[in-house]
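Asker: Here's the letter readout for the chains.
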Amino acid sequence: MKEEKEKVRSKAKKSASAEGLVVLKGVSKFYKMGDTTVTALDKLDLTIKTGELLSVMGPSGSGKSTLLNIIGCIDSPNDGHVSIGGRDVSKLKDSELTKIRLTEIGFIFQQFYLIPTLTAYENIELPMREARLSHEDRLKRVRELLSLVGLTDREKHYPNQLSGGEQQRVAIARALANKPLLILADEPTGELDTKTAMRIIELLKELNRKQGITVIIVTHDPRVANETNRIITLQDGAVLGDSPPLAQKEGN
Amino acid sequence: MMNLKNIMRRGGRTTMTVIAVATSMALLISMQAISDGLLQNARDTIDKSKVDISISVTDGHGIEDGHTMMTTLKTDPRVRYAGIYMTEYIAFKKPGTTKQMWAITEGIVPSETKPLLPPGELDRFPKDNTLGFKESGDPHFVNNFTGSWTFEVLIDKNIGSALGLKKGDPILISRTATGPYMTFNVSGIFDSQLTGGGLAAKLYFMTMHLSELQTLTGNDIFKDANGSRVVDRIDEVSLALQSDLRTVKDKVVAYQKELEAKYPFYQVDTKMDRLVRMEQQMTIVKGFFLAIGGVSLMIGLLFVTCIMFMSILERTNEIGMLRAIGISKGTIFLQILTESMIIVIIGAAIGIIPGYLGSIWGSDYIKSTVGTTENLVLFHIPSVAQLFVEVILLGGLMSLLPAWRAMSIDIIKSLKRVK
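Chains E and U supply the protein sequences, listed in that same order. Here the first sequence is numbered in the working numbering, starting from 136 and rising by one per residue. Here the second sequence is numbered in the working numbering, starting from 5 and rising by one per residue.
Just so you know, these hints were derived from the structure itself, not from any lab. Cβ atoms here follow ideal geometry from the backbone N, Cα and C, with glycine treated the same way. One or more hints might be untrue.
Residues on chain E that point at chain U, a partial pick, calculated with CB under 7 Å [to be verified]:
1. Asn-204
2. Ile-209
3. Asp-210
4. Asn-213
5. Leu-237
6. Phe-242
7. Tyr-256
8. Pro-262
9. Glu-265
Taking lysine-lysine and the DSS-like style, the derived pairs with C-alpha atoms no more than 27 Å apart in a straight line are [to be verified]:
10. U:Lys-54 to U:Lys-333
11. U:Lys-9 to E:Lys-291
12. E:Lys-234 to U:Lys-54
13. U:Lys-227 to U:Lys-206
14. U:Lys-275 to E:Lys-234
15. E:Lys-340 to E:Lys-275
16. E:Lys-228 to U:Lys-420
17. E:Lys-226 to E:Lys-184
18. E:Lys-275 to E:Lys-345
19. U:Lys-161 to U:Lys-52
20. U:Lys-417 to E:Lys-226
21. U:Lys-371 to U:Lys-131
22. U:Lys-9 to E:Lys-178
23. U:Lys-275 to U:Lys-333
24. U:Lys-333 to E:Lys-226
25. U:Lys-9 to E:Lys-275
26. U:Lys-171 to U:Lys-161
27. U:Lys-371 to U:Lys-290
28. U:Lys-417 to E:Lys-178
29. U:Lys-131 to E:Lys-160
30. E:Lys-167 to U:Lys-290
31. U:Lys-333 to E:Lys-314
32. E:Lys-234 to U:Lys-417
33. U:Lys-275 to U:Lys-78
34. E:Lys-167 to U:Lys-417
35. U:Lys-275 to U:Lys-52
Just chain U, same shape as in the assembly (with noise of 0.2 Å):
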């Protein structure tokens, strides 16, 4: 009771400093709904892949025979699904515009790639045909390129919006800025992750021919003045198990150290490396939010250390006085600390609520700015009950300082003072 009616002692000051700890307390269960929607998300996306395991290289070169490399991994019983795929940026235009534009592009095989989606990417293509695409195979990479061109493109939306593109209109498209171009037909057009408008309604996909795409870019033959010769240039193999195998840990690691066997020069990896991989980038960027929430959370905390010792300076008197007449050091010590924890547990409690809305704001807010469709905030109780309980914490370390200045106040000097 005395320390409440002390803390209501100095009403203006209590309360900007309540106000201080439940900003400090919003801003950092914001940061980490934030960091923990992006964690989650990054999450789901794995999870949600069929693919078990992915093969790769570090260095960027890409792997080289990627479509007998497909095609030999699928006749292993093992492998329900095999997806080659590569990833290029190109250039495209509108026939009879000047205006050019760059496109993440990615080459696919339609008919080994549609298997590996799972359904939320699968909702995002066209219904008809393959993903969209005619022709569900790769004929341009028949007798090593050069088979027939399907001249076929998927758009996203946004490059759809930003041309006035639709189904069935030609574009153009060339492997650099200054061509030359060739002629494609829009077989389709897909909804990407990043096609919510905001900063994303200038980040544009396309999808194509594996094959011809691997042509466009140079990444089909390899030549020189020693002649040439085929490198069917690919970024990742993607690999579906067979269900039984699949849902078995060690099962999929011997299969991966199988792999690594076979392909020492490319990277293998399972769904559980990707996670872990994920989740250590996922760190970082944690690491950076709650950063940013924790140099506030200690602005706000030590708001409450100086608000206390500016207590404790204009009760120097009575706190002498207490200690003349008996009240001991330890009964001294609690008060400050209860009365510094009674605020910062009633603005941590406060900060709670702002917290809450924020983090809904700044989910709002990242999907209008960035244009993702994807929710990026997770507001998690369990992680805000252990906010809730560190910053309790970490704010009675903040008040050992002035109840222990308070303790050992000297009784002589403290009733001398005037106020």
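The following block holds chain E by itself, in its conformation from the complex (with noise of 0.2 Å):
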């Protein structure tokens, strides 16, 4: 594990610049509907460093998914530049952001969206595929990840025979296949009961924890985002608030 928490972290040191492992400038997004111009994120300024565990939260239309879609590549801000692992990702061609977001980025989403006729085995392997990684390898990683995840017994089921947690604990080990500095998380407790979110929650802080990984949780549960250490809130596309929880401030 400690080996595996030094990887990430000398991967994330060569590229990250000195400011941050996630750096947005000034980034705005507007999206044109009909007449009139819904503006999603307003100039934002934010800087993420390595290993940080910290949430977004904010009410609905309030540009919380818009950042993460910026921070995680598929979308493009209008204005302003985002930079994650100090490479200005503002103006990359799409081959060169799927590149990234293949093997720097892990996402996981609150629907799960495992691929219904893959196993639990093979969902976790199809972002390997993708890197061309050998069959060894590959077979390696994801008994690792399995591992990891406490689904070694579960690698030949298929998504249906498994629980919600179960699902979203194959999502998991899926995003950090090609060994991540960052995993964005889309409500990734939204579906789930409260003990087995809670469950989800310690998986991704021990992942931050001992392997050093960068995890951005959006969230619209306070008990989800009391457990990061940074709560950045959003309103109107821009930062309304950006400090520990409230617990941590009570604590200090």
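Two chains, two frames, a set of hints: combine them into the complex.
Answerer: Written out as structure tokens, the structure is:
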């Protein structure tokens, strides 16, 4: 585990600028809806350092998902600059962004989005196949990840044979497949009961703590946000608050 | 593996699509087998023919002085056999009955026609005398159609069974529907290519001495107010060349040119010319058959395209997720293309078996319906292989659009899309 942590950190160090792993400067995003223009992000500045565990909160339409999409390189800003691992991704080609998503970013979705026809093993293996890892390397890595998320005995199970919590664990393992610097989780506990949700958050915390992976969680749930080290609150596309959770403040 | 699993995920729909492609492929193969068979049959007929050069006219008025022309050409040392003939529609009936029927009647000079018939054709005629005629020559032609009549006629099996006639029976024959009828004698019964029953059971053929048919139909002597003259009109002169000449294409063509110069108003064709003309005609027939199969195939392949579009629509979230986690556009494109191609390949491969069975059934059906005894269907493995490859390529082409659509999916919209 220590070795894994070192690998991730050295990868991040190599690529991240001195300012942070993710740096957004004056990022604006707006959408045209008929004659009106909706501003999703308004000249937003944000820096996220390597190894941070943070949550993004805010009411619906505050720009949380847009922020996550831009950091995740599946959307681009209309204005401003986005840097991931020290590289300005604002103007990269689609193929370059795809490669960044494959190797440097891990996505976790609210609806898990596992391929129903593939087993847990095959779902986790999918990004590794795309990254052209050898069969032996894939086998070793999938087994490691299944062990990490506690699903060693579920590798041959199909998604419909797994509980919601187990499916999300498979999704987390898939997000970790190519050893990303950053994990983006969009409402990862939205479809889970409280007990399972907290287990998932614990798993993400453990990944952050033990492997040094930067984790950004978009959530509506204050209990989830309170488990992170930093809470970014958005409103109308701008940062309304950026502080440690209440529990930490009180502890301090 | 993932492609196969995705296809199996929609088992019922996939099965229907495979059946659609297989049915189209089967129909296409059957159509191809029939058109290939017809072409091969026609080629074989020309190949087996002993006629190296034919002289005919295209305006329908016939060649004049037919007997003289045949006699002249026979004296050419390059000519081995020369035959002349004409074809007319002739009315006939059984004595004592009123039911009048019509037969396609060929006038020949038996002794000259016999050597020109290939073995298969010869077998259809009676073995006695010359093709069944007691008079081997054309006695009525003597002295400009003043020679004696033989009143010999060969009838085909269909006439024999329709009227209950046999060798030696009298038969009434006329050039017009209203008569007058002349009494001929059935000198033999022959087997035409269309005496296998079915529709051909209503097709009747007769053969008689050329000069008698000419006189019956007014093609012997032309008469008007100014008097009369012998026209001796025929349809075609057939020549079999000497064996050392007929196999050398250049020599045959040189002789053809010579004949064209000698008979500028007639059309002189070599075997090759007849083959080319026949192939041109058969190309139209083949085009028609393949168009039927092609339309069916396009429907089958459109089925695949539609199914793939439906599949993409259902898997929008999944494809969006794959793009989000870094799966490239190329991989998505290939995945959809492969899934589509698997369906096309399986369907096309399955379609070969019913296609083969269909061509056999088609052959039997045509034989029984038309009544021909000829084999009209050719199941040619290289043609089927070529068709298979063409269908797969076409299937690939039809799959490009859904694959492109999947590749171009908007990640954010597709992830937001509610199933």
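Asker: Against this structure, judge whether each hint is valid.
Answerer: Hint check results:
no.	hint	verdict
1	Asn-204	6 Å, holds
2	Ile-209	5 Å, holds
3	Asp-210	6 Å, holds
4	Asn-213	14 Å, violated
5	Leu-237	3 Å, holds
6	Phe-242	5 Å, holds
7	Tyr-256	12 Å, violated
8	Pro-262	6 Å, holds
9	Glu-265	5 Å, holds
10	U:Lys-54 to U:Lys-333	65 Å, violated
11	U:Lys-9 to E:Lys-291	14 Å, holds
12	E:Lys-234 to U:Lys-54	74 Å, violated
13	U:Lys-227 to U:Lys-206	35 Å, violated
14	U:Lys-275 to E:Lys-234	68 Å, violated
15	E:Lys-340 to E:Lys-275	24 Å, holds
16	E:Lys-228 to U:Lys-420	23 Å, holds
17	E:Lys-226 to E:Lys-184	22 Å, holds
18	E:Lys-275 to E:Lys-345	20 Å, holds
19	U:Lys-161 to U:Lys-52	24 Å, holds
20	U:Lys-417 to E:Lys-226	21 Å, holds
21	U:Lys-371 to U:Lys-131	26 Å, holds
22	U:Lys-9 to E:Lys-178	46 Å, violated
23	U:Lys-275 to U:Lys-333	59 Å, violated
24	U:Lys-333 to E:Lys-226	18 Å, holds
25	U:Lys-9 to E:Lys-275	24 Å, holds
26	U:Lys-171 to U:Lys-161	11 Å, holds
27	U:Lys-371 to U:Lys-290	18 Å, holds
28	U:Lys-417 to E:Lys-178	23 Å, holds
29	U:Lys-131 to E:Lys-160	106 Å, violated
30	E:Lys-167 to U:Lys-290	57 Å, violated
31	U:Lys-333 to E:Lys-314	22 Å, holds
32	E:Lys-234 to U:Lys-417	20 Å, holds
33	U:Lys-275 to U:Lys-78	19 Å, holds
34	E:Lys-167 to U:Lys-417	15 Å, holds
35	U:Lys-275 to U:Lys-52	10 Å, holds
This entry does not satisfy hints 4, 7, 10, 12, 13, 14, 22, 23, 29, 30, going by the numbered hints stated previously.
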